[in-house]
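Chains as they are written, first to last, in my numbering: chain G, 1 to 335; chain S, 1 to 335.
Honestly, the hints are just simulated from the structure, not real lab data.
Yeah, the Cβ is synthetic: ideal placement off N, Cα and C, and Gly gets one too.
Do not take every clue at face value.
Estimated spans, in silico, between C-beta atoms of each pair [said to hold, decoys possible]:
1) T254(S) - E320(G): 37 to 47 Å
2) K76(S) - R277(G): 25 to 35 Å
3) T251(G) - A307(S): 24 to 34 Å
4) L278(G) - D141(S): 16 to 26 Å
5) R19(G) - E265(S): 21 to 31 Å
6) D294(G) - G171(S): 18 to 28 Å
7) D294(G) - E314(S): 14 to 24 Å
8) A209(G) - S35(S): 47 to 57 Å
9) Q271(S) - D294(G): 15 to 25 Å
There are 2 protein chains.
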Amino acid sequence: MSDVATLPPIVTAIRESRRALARLLTRIENHAAASELAALYPFGGKAHLIGVTGAPGTGKSSLVNWMAKAYRAEGKTVSILAVDPTSPFSGGAVLGDRIRMRDLHGDSGVFIRSMATRGNLGGIARTTKDMIRALDAAGFDIVLIETVGAGQSEVEIASAAQTVIVVEAPGLGDDVQAIKAGILEIADILVVNKADNPGVESTLRALRAALDLGHRVERVMHHGKLMDVPAVPVIGEDSAWQTPILQTIATNGTGVSELLTKIAEHRAYLQESGVQRLRERASISAEIEERLRDLLLARLIERVGAAHVQATIERVLRREIDPNSAAQALLADSG
Amino acid sequence: MSDVATLPPIVTAIRESRRALARLLTRIENHAAASELAALYPFGGKAHLIGVTGAPGTGKSSLVNWMAKAYRAEGKTVSILAVDPTSPFSGGAVLGDRIRMRDLHGDSGVFIRSMATRGNLGGIARTTKDMIRALDAAGFDIVLIETVGAGQSEVEIASAAQTVIVVEAPGLGDDVQAIKAGILEIADILVVNKADNPGVESTLRALRAALDLGHRVERVMHHGKLMDVPAVPVIGEDSAWQTPILQTIATNGTGVSELLTKIAEHRAYLQESGVQRLRERASISAEIEERLRDLLLARLIERVGAAHVQATIERVLRREIDPNSAAQALLADSG
């Protein structure tokens with residue numbers, strides 16, 4: 001598949017030209033790249049996809065920059081996809097961080113792209129996956145997906161990665177509250193950044209306690225109480241991987257090489273345990289299902305007509321029929 | 001529609017017998033009541049549906065109890081549906097609160113039901129809506145939907161209510177962090193409970209500041225920083241309703257009658273402004289769409305066969321085709 005002679009033109013283009021890659025990513029953002037995505041998909045699957053998420057103020061962007069530098073020192077090519085699902089209008093924070101990356105500027109082995117999108121969360125997660133596929137097919141060894149931790153969004157976006165790093169930092173208020181619902185469940189590696197700041201011991205203690213209480217199950221700390229929350233589905237995984245807690249200082253790079261070692265160990269674990277296959281299968285199944293739901297609904301509306309759908313909704317609003325019967329009737333009408 | 005002679009048997013049964021109502025709610029929880037829901041739907045639409053959400057520790061359950069007592073004093077019948085989406089295994093907290101409701105015990109004008117369910121969030125929200133429809137058709141003047149504020153779940157469940165009350169309390173850690181993403185956007189009325197506790201002024205200040213900064217837009221406080229987050233869709237609403245901030249002491253009922261007055265004002269606003277119709281239309285459209293997506297996917301799998309779907313997923317995993325082309329192919333195969 002990687003024989004150069006058999007490469008489709010789009011793959012050759014994005015491997016040879018950063019400008020062609022940037023243009024393709026823009027077309028993906030505009031949902032105008034279905035044929036290119038179909039052509040390049042067979043030529044991906046080689047990159048290590050690493051998600052990095054954390055709340056604002058954790059220094060996550062600086063850490064990503066140091067990771068990129070460290071991978072470059074190993075001779076690996078790196079792309080960074082910075083997704084800010086919280087900032088549909090400006091994207092200022094992420095772009096601002098990028099401008100600060102003077103050390104990476106001018107290095108042809110590094111490619112950086114920010115995506116500050118509007119649109120629904122599911123749509124952003126899907127676009128992110130498609131952009132990752134383009135970066136993967138473009139031949140980068142490492143794809144770093146950086147996203148702001150602010151709710152459900154980072155869980156969705158991080159699910160596109162193979163190894164998920166959750167970044168915490170001391171001094172962001174109550175240590176226990178900082179461990180937000182749903183975040184620990186997606187972490188393959190926990191990093192306490194700003195490890196030279198006061199309060200690091202208490203952050204570490206809170207994280208260790210939360211991990212002990214149940215990694216990948218539904219228990220999280222919330223307002224200082226133990227609570228059950230809906231967790232990311234566990235897809236037949238064993239518990240052979242113990243989520244490590246590392247310490248870094250991203251202002252000077254302390255701890256970054258240990259982090260890269262741990263990331264490599266996690267990749268080896270994923271591949272040797274078969275967990276990567278399980279995750280890929282679950283992820284691809286979910287994606288195809290979601291795409292099918294959208295396509296099926298669009299086809300139904302086309303077949304029965306938007307006016308008929310509207311008329312049915314009106315009947316429900318007048319309480320002539322209930323929502324379930326209305327859906328069943330539209331299904332029958334669509335043939 | 002309310003002529004007794006024309007009532008279907010299920011409506012007569014749930015209006016006359018609490019036991020029949022309880023059994024119907026169990027069948028709804030078990031997804032085995034489609035025909036009853038179809039029969040009773042035309043006889044609903046009269047109750048005021050009031051959502052009450054808040055983090056654990058805010059005293060939200062005590063407040064709901066006081067509200068129920070106050071409505072009873074006005075001669076109104078009340079049902080309470082307590083939904084705990086965070087506790088699929090025990091539901092202990094919600095049930096425990098109910099046991100404490102000695103004042104309501106034995107009053108035939110009050111009906112209480114707890115739902116501590118497992119299952120996905122969308123499924124819980126849909127079951128909640130169906131249970132509300134049964135309580136509505138059973139003739140209660142007031143349906144109180146109480147839910148634990150712990151992430152996205154309360155937003156989904158609260159969306160089934162007409163008037164949403166968000167309960168905060170002083171002393172739950174950092175005041176600013178207590179105003180969680182997505183919560184302010186869904187509040188029609190904010191209540192600071194435990195208003196006799198220390199720190200109430202700072203909680204009020206934080207809430208007022210957050211409201212001033214942009215009610216129903218995407219700005220929220222997060223880790224002490226202003227952030228944009230995806231907001232609940234605003235469906236053509238004007239901004240005539242200014243979210244009030246009330247203070248209550250649920251241990252002795254202080255402020256509850258003012259709360260009921262404000263709830264009545266909100267209902268009048270919803271009806272006179274036409275906002276209620278807009279919200280109902282958006283909610284019913286979304287529900288029918290979601291039901292259709294499920295039905296369409298189930299029909300597709302039945303038509304093309306689960307084995308063919310699996311084989312297609314395998315082809316994507318082998319990178320022979322991309323996920324979008326796979327979905328398109330399955331769509332074409334389903335006719």
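* **Broken hints, by number** => Per hint list: 2, 3, 4, 5, 6, 9 violated.
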